[in-house]
Structures are given as structure tokens and as C-alpha cells.
Amino acid sequence: MDRQLTRVLFIDLSAHRHWVEERPELFQKRLGGTGAAIELLQEHCPPGADPLSPENPIVLAVGPLTSLFPLASKTVAMFKSPHTGNLGESHCGGRSAVALRLAGYGAVVITGRSDIPVYIVIEGDKVHFRDARALWGLSSSFTVGRIIREREGGAGTRTILRIGVAGERLVTYASVVAESYRHFGRLGLGAVFGAKKLKAVVIIGKGRVPVADRAGYAKLYRELHERAVRSELFKKYHDLGTPQNVRPLNAIGALPVRNLAAARYPGEPPFTGERMAERYLGRRLACAGCPVACIHLAALREPYPDEAFFYKTTFVSYDYEPIYALGTMLGGEDPEGFLRLMDTVEHLGLDAMSCGVVLAWATEAFGRGLITERDTGGLVPRWGDYGVYVEMARRIARREGELYDHLARGVTAAVARYGGEEFALAFGGNEMAGYHTGPGTYLTYLMGARHSHLDSAGYALDQADLREGKSRSPEELARALFAEEARRQILSSLVVCFFARGLYDLGTCSNCLFALGIERDEEELRVLGEDILRRKYAFKLREGFDPRRLQIPARIAETPSPHGTIDLGYLREAIASLEKLLAPSE
Amino acid sequence: MAKRLSVVDVDRCVDCLLCAFACARRFGEGGLARSAIAVRSVGVMERGFVVVVCRACEDPSCLAACPVDAIRKAEVGVRVDLGECIGCGMCVRACPIGAVFWDEERGKPVICRHCGLCAQFCPHGVLAYEEVAGG
Numbered sequence: 005m006d007r008q009l010t011r012v013l014f015i016d017l018s019a020h021r022h023w024v025e026e027r028p029e030l031f032q033k034r035l036g037g038t039g040a041a042i043e044l045l046q047e048h049c050p051p052g053a054d055p056l057s058p059e060n061p062i063v064l065a066v067g068p069l070t071s072l073f074p075l076a077s078k079t080v081a082m083f084k085s086p087h088t089g090n091l092g093e094s095h096c097g098g099r100s101a102v103a104l105r106l107a108g109y110g111a112v113v114i115t116g117r118s119d120i121p122v123y124i125v126i127e128g129d130k131v132h133f134r135d136a137r138a139l140w141g142l143s144s145s146f147t148v149g150r151i152i153r154e155r156e157g158g159a160g161t162r163t164i165l166r167i168g169v170a171g172e173r174l175v176t177y178a179s180v181v182a183e184s185y186r187h188f189g190r191l192g193l194g195a196v197f198g199a200k201k202l203k204a205v206v207i208i209g210k211g212r213v214p215v216a217d218r219a220g221y222a223k224l225y226r227e228l229h230e231r232a233v234r235s236e237l238f239k240k241y242h243d244l245g246t247p248q249n250v251r252p253l254n255a256i257g258a259l260p261v262r263n264l265a266a267a268r269y270p271g272e273p274p275f276t277g278e279r280m281a282e283r284y285l286g287r288r289l290a291c292a293g294c295p296v297a298c299i300h301l302a303a304l305r306e307p308y309p310d311e312a313f314f315y316k317t318t319f320v321s322y323d324y325e326p327i328y329a330l331g332t333m334l335g336g337e338d339p340e341g342f343l344r345l346m347d348t349v350e351h352l353g354l355d356a357m358s359c360g361v362v363l364a365w366a367t368e369a370f371g372r373g374l375i376t377e378r379d380t381g382g383l384v385p386r387w388g389d390y391g392v393y394v395e396m397a398r399r400i401a402r403r404e405g406e407l408y409d410h411l412a413r414g415v416t417a418a419v420a421r422y423g424g425e426e427f428a429l430a431f432g433g434n435e436m437a438g439y440h441t442g443p444g445t446y447l448t449y450l451m452g453a454r455h456s457h458l459d460s461a462g463y464a465l466d467q468a469d470l471r472e473g474k475s476r477s478p479e480e481l482a483r484a485l486f487a488e489e490a491r492r493q494i495l496s497s498l499v500v501c502f503f504a505r506g507l508y509d510l511g512t513c514s515n516c517l518f519a520l521g522i523e524r525d526e527e528e529l530r531v532l533g534e535d536i537l538r539r540k541y542a543f544k545l546r547e548g549f550d551p552r553r554l555q556i557p558a559r560i561a562e563t564p565s566p567h568g569t570i571d572l573g574y575l576r577e578a579i580a581s582l583e584k585l586l587a588p589s590e
Numbered sequence: 324m325a326k327r328l329s330v331v332d333v334d335r336c337v338d339c340l341l342c343a344f345a346c347a348r349r350f351g352e353g354g355l356a357r358s359a360i361a362v363r364s365v366g367v368m369e370r371g372f373v374v375v376v377c378r379a380c381e382d383p384s385c386l387a388a389c390p391v392d393a394i395r396k397a398e399v400g401v402r403v404d405l406g407e408c409i410g411c412g413m414c415v416r417a418c419p420i421g422a423v424f425w426d427e428e429r430g431k432p433v434i435c436r437h438c439g440l441c442a443q444f445c446p447h448g449v450l451a452y453e454e455v456a457g458g
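Here the protein sequences line up with chains E and C, keeping their order.
If you're matching positions, the first sequence starts at 5 in this note's numbering and goes up one per residue.
If you're matching positions, the second sequence starts at 324 in this note's numbering and goes up one per residue.
Extracted from the complex, chain E is given alone in its bound form (with noise of 0.2 Å):
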């Protein structure tokens, strides 16, 4: 095993120390990544820490297969979420985790609060504590990036991890942006990062990685990257990359429009990934060590109004979930708008999601009169009106005034402020994902460990039900989520990327452990699938986390699903089964 791998990097930014723990045990047992991250999380946040004090820690790891096979390409994050006040996880691709790996460790424990802002740069054995007083406060996280990039070394080889406005501010959903177009998006890691005064992480890496079995090795990487090339999820996410899910979905009914009042558009909604690729399509990207380049950009001209011919070019990143968050949800008609909305939202530094359903929502509560023009200091927000938005996004991110001052910290703050509980679409604190296919993506937005659709996926098993005209019981669905989301535990510790579930069933992961020699065979791999998921569980537990007592927002049931009215009984039970599932097995 490469021992590298094995290291931790702990950095205390309170006494602007660092040093390195070898953990064997966290690699060896328990793979690395979301499986390690667990167990580094459970050690150093003290139970009921508050997620914005400087107890918090911020891990992040990588796992045996990071930098050596195609779409090993995420890094892990683990804190204690700000947003829903428990187990926050997140994960990032770009060039992150090879940098992490490559600097020659498995994972970095960031503790403790600097008293002046600073980023910090680990290169190797060095970490260097760099003064960010004059980063702290920038308008735009693209800014911040240009300004490290030119000051550090490394180029070519490195990962900047940083935030923008909104995790300065602790806007509880403020995401790090990495390589200016990835995210550790969700769950409000950036307000971790704010709270600690950390404005961003730079790590260089160009380490080797020895591997057991080499011939081996160069034969089972070739194997998997031919299949790779070759695959359907290739196609699919090269051509059009997420977007293409946007006709489908609408087409079937399962598309959230304006704040899940619909679930699909009458006609051809405005952005599909057919629509944006044709009329704005203009770059793509790779995380590093991906063949698929599933990141889209696109290429927006404007002009500007004060001067003939004179243009702008802004390229926007753009994906299924923030066209479906600020897009679909917002009403939205018109591309440029969101393609101005999801800029904006990147300059902030705020997670796309969260952000969409947030306004959503206060379009809806406005609407009816549950907040006023007094409240939201005289902007009216309309569906689709792009122009409002946009100055909603900074009012939230800068949290100006009471209202924004709620919804920077979400749906679930706004309502408890303001009401509106029954179109509140959020699940466990966390605002729910561009899919209202039936009771399985319900489960999945409740249940899963980060109230994450890529948790357990219920969204795909919906889709897969109604195409076959299956239906389950909630105890059978409750058992398919379950399998599902312990096998993703693996994916998430070797780390590849879930969009590579296809390629990597636990044989195959088995055979490429084995050619890194570690001995694992397929019922290991499922039983240790379950015991992390189990593990996650039980922080969740720890940190106060109670199925019984999730809200279900009455929406749900309002609007039809392809599988018919959503059965809130039927989610009752369904949770229930998962709960018993999901209890420790000692």
C-alpha cells in the first residue's frame, strides 16, 4: 500500500501550526475518503459543536484509487454542516484531489480560527499560513483565484480552493469554488471556511504513487478506460453533459417549475441541454483524470449599454441542477437571464441549489403575501424576472436586512421566521434537488445521510420503476435505497466519481484494489459499504438527528409525480424501514 496515502495532515489555523499523524488504520480498514473522513470527523468535532466555531473541523480525503484510474477524480469533504446543523458532506472534483494526493497525503484536518484572515498553501511537506486581509471582502470568488494564482507556484499541478462573499458572510449554503468552474458545493462548507477566516486552500502536488502489481495495473487502467470511452454515460455527459436530463424529466412530469407549483413545461422548456448546447455551448472541461468532460461552459456575448459594438464574453459553467434551481424553478424563460443568474451565484460563491429553491420560495411567499416589498426593500420577485434575482442572490449573499438575513440561511430559517411551511421545499434542512419523479427521490432527500439526491439516487430508481411498471413496497424501497446508497460509500471512499457507478461494481473495485494490493474481495466491499453508511448514521444520531420528527412540506402531495400523488403515508413507513436499516448493528 502506498504509504503516503496514509498520512494526515492536521493544520490548526488558531495557532498557525501544522503536523502530519500517520493513520494506517484509517486506509487499511476503511478504504479512505467518505470511509476515513467519518472517523476524522467523529474524533475531532465535539459532539454538539457549533458548525461556525472554530471546533469545527474541515476534512478532506482521498482514497487508493485517487489519481490512479480513470474518474478517480473527487475529493471528499466532511464537517459539521451550518446549514442543517449535522453531517455535512461534500465532494469535489477539478484538480483537487490529485493535488491532495500527490502533496503526499490521504487526507488534511483543517482546525481552529485564524485571527486575521488567511489562505494557506501546502506544498509537500510545507503549509504556508499567507495574509488574505486585502482577498477578504472581494467582490468576486473569480478574483480571488486570479490573484493566488499568480502569487503561488505550482501552476499546472495545484488546486485552489476558495470562497466568495457569501462564506465570508456565513450564508449557511456558501459553497468553495475549486479551479473557478467546480464546487464543494453543498451544505455550506464555505461558511466553515469563513467562520475560520480561511479564504482559500491552495495545495500543490506532483508526487509519484507506487502501485503493487504494475503490469497489472497498466492492464486494468487500459481495460477501464476503454469502457469508459466507450460507455452510454460517456455519450450522454460529454455531448450535452447533465442538461440532456432536462427534456426527459419534463417530458415523464417530473421536472420542479416554479416552485414545484408544476412539474413540467407545456412545451420544450428554454434550457435543455439541446437548447443550451446549440446556442451557447463554448468550452468543455475535465476534473483531472476524467475522459468524460462533463463540465459545460457556456459562452455569453453581451453588449454593453452604453457603447456600440463593444461586447463582453463571460463563460458560465453549467449543469442540470443550477439550470434546474435557478431555471426551471424560477419560471425562468429566458437562458441569458440564467445564465446571468448562475454568474452572479458563482461570484457570490453560493451553493446553485440551495439558492434557487430560496428564491423560489420567497418568490411563492411574496406572492402571497407573506413577505412584502418592505421586507425585501422594494424588489419584487417575479417568475422568471432574472433582474430581481440577480440583486436578490447579492442582497442573501451580503445578508442585508432581516429577510436576507433568513434566507442566507435557508428555507427552513425563512419559515420559521415568516411561514410558508407547506411550499418550503427543503428536507432535513437541506433544499431539495431537481426531482420530483415519485416516492423514491422523497426517500432519498429525507433519508440519505446529506439529504443529497446523490445519496441513494431514489430519483434513478423512480425513473428505472416507472419504465419497467414496477411498484414497491415502502419496506422494499426503504431496502433498495439502502443497498444503494452503502454501495455508493465505497465509490465515495475508493473516491470515484458516482457518475462512474456503471463502471465501477464492487468487482471491479475489487480487482483495482488488488492490483494496489490491498485484498478485498466484493461481500467485504458491501458489508463495509454498509458499516460507513452506518457510521454516518450514527454521528447523525449523535448530533441530534430525528426521522421521526422530518418535515414533509405539503407541496409534494399537491403536485402529481409520474408515479401519481406522492403517498406522505407511504414516505412515513418507507423512512421508518430505513430507520431500522440504518441502526447500528451492534
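There could be a bad hint or two in this list.
Straight-line Cα separation of at most 35 Å, DSBU-like style, residue types lysine-lysine; simulated pairs [what the hints assert, rightly or not]:
no.: 1; chain 1: E; residue 1: K474; chain 2: E; residue 2: K584
no.: 2; chain 1: C; residue 1: K431; chain 2: E; residue 2: K130
no.: 3; chain 1: C; residue 1: K431; chain 2: E; residue 2: K584
no.: 4; chain 1: C; residue 1: K431; chain 2: C; residue 2: K396
no.: 5; chain 1: E; residue 1: K239; chain 2: C; residue 2: K326
no.: 6; chain 1: E; residue 1: K201; chain 2: E; residue 2: K316
no.: 7; chain 1: E; residue 1: K240; chain 2: E; residue 2: K223
no.: 8; chain 1: E; residue 1: K584; chain 2: E; residue 2: K33
no.: 9; chain 1: C; residue 1: K431; chain 2: C; residue 2: K326
no.: 10; chain 1: E; residue 1: K223; chain 2: C; residue 2: K326
no.: 11; chain 1: E; residue 1: K223; chain 2: E; residue 2: K239
no.: 12; chain 1: E; residue 1: K239; chain 2: E; residue 2: K584
no.: 13; chain 1: E; residue 1: K33; chain 2: E; residue 2: K130
no.: 14; chain 1: E; residue 1: K474; chain 2: C; residue 2: K396
no.: 15; chain 1: E; residue 1: K544; chain 2: E; residue 2: K584
No wet-lab data here; the hints were simulated from the structure.
Assemble the complex: chain E is given as a structure, and chain C must be docked to it using the hints.
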């Protein structure tokens, strides 16, 4: 006939680094420590990338700069005799396109051998392994 690695269309580069990782697998390892090809952005990612690799010069600056004649012309490109190399780094400084890389662990230069492995793994047609014109 001899073949040479070429960067044929750098605008198609998506920064996946599959070329650099393929280069490391020549040694049966992962990482970037001994890669003889590198990719970096031109400054910002949306404006594209630079692929840095030996272009097999007719009259190589690296060879001319080597004080111990450890770099010799090959059929395509150059070869470094690591036994004779004294690790002075003159070749790195001499190459105007930055295509002589440095193996920190061994303190020796790394220069592309034009084996073409990276081109096999370039998924988007940036690299090609082509017969040398007139060669």
C-alpha cells in the same frame, strides 16, 4: 518509419491530464513525478490550455547545454544517459518551451521519448502519434 508525438489541436484539450498519467504508467506508477508531458491553463481555464512536451528539435537546446554530453540525439527526439547525467539542470534551463521536466526524487531530467503512449489515451484528439515527415 520513426514516429513523433504532436500536439495537433490544443483547443480540444479539456485538461483531463490523461496524457500525463499515461506517461507515468511507463514506469508502472501513478502520479506526475516522472511525466514528460504537462498541461496547464493559459491563465484561466475558460480560455484554454497549454500542452507542454518535447517537440523533437532538429538542433536541441537541451543537448547543446549538457556539460557532460549525457543527452544524445535519437531517431526522434533525444535520450538522456542517466548514468552520465550529473543532475546539474542546465538542460531544464536551456529548453525554451519548458519541455525538460525534473524528477525531484532522483534529481534527474525527464524528457519525452516519443513512445506515443499518451496519445493512445488522449480521448479528445489533442495529441497524435505521427510518422515524421520525410523521415
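Now the hints, each set against the structure:
no.: 1; hint: K474/E with K584/E; in the structure: 24 Å, holds
no.: 2; hint: K431/C with K130/E; in the structure: 22 Å, holds
no.: 3; hint: K431/C with K584/E; in the structure: 59 Å, violated
no.: 4; hint: K431/C with K396/C; in the structure: 18 Å, holds
no.: 5; hint: K239/E with K326/C; in the structure: 31 Å, holds
no.: 6; hint: K201/E with K316/E; in the structure: 33 Å, holds
no.: 7; hint: K240/E with K223/E; in the structure: 26 Å, holds
no.: 8; hint: K584/E with K33/E; in the structure: 25 Å, holds
no.: 9; hint: K431/C with K326/C; in the structure: 25 Å, holds
no.: 10; hint: K223/E with K326/C; in the structure: 24 Å, holds
no.: 11; hint: K223/E with K239/E; in the structure: 23 Å, holds
no.: 12; hint: K239/E with K584/E; in the structure: 39 Å, violated
no.: 13; hint: K33/E with K130/E; in the structure: 28 Å, holds
no.: 14; hint: K474/E with K396/C; in the structure: 68 Å, violated
no.: 15; hint: K544/E with K584/E; in the structure: 14 Å, holds
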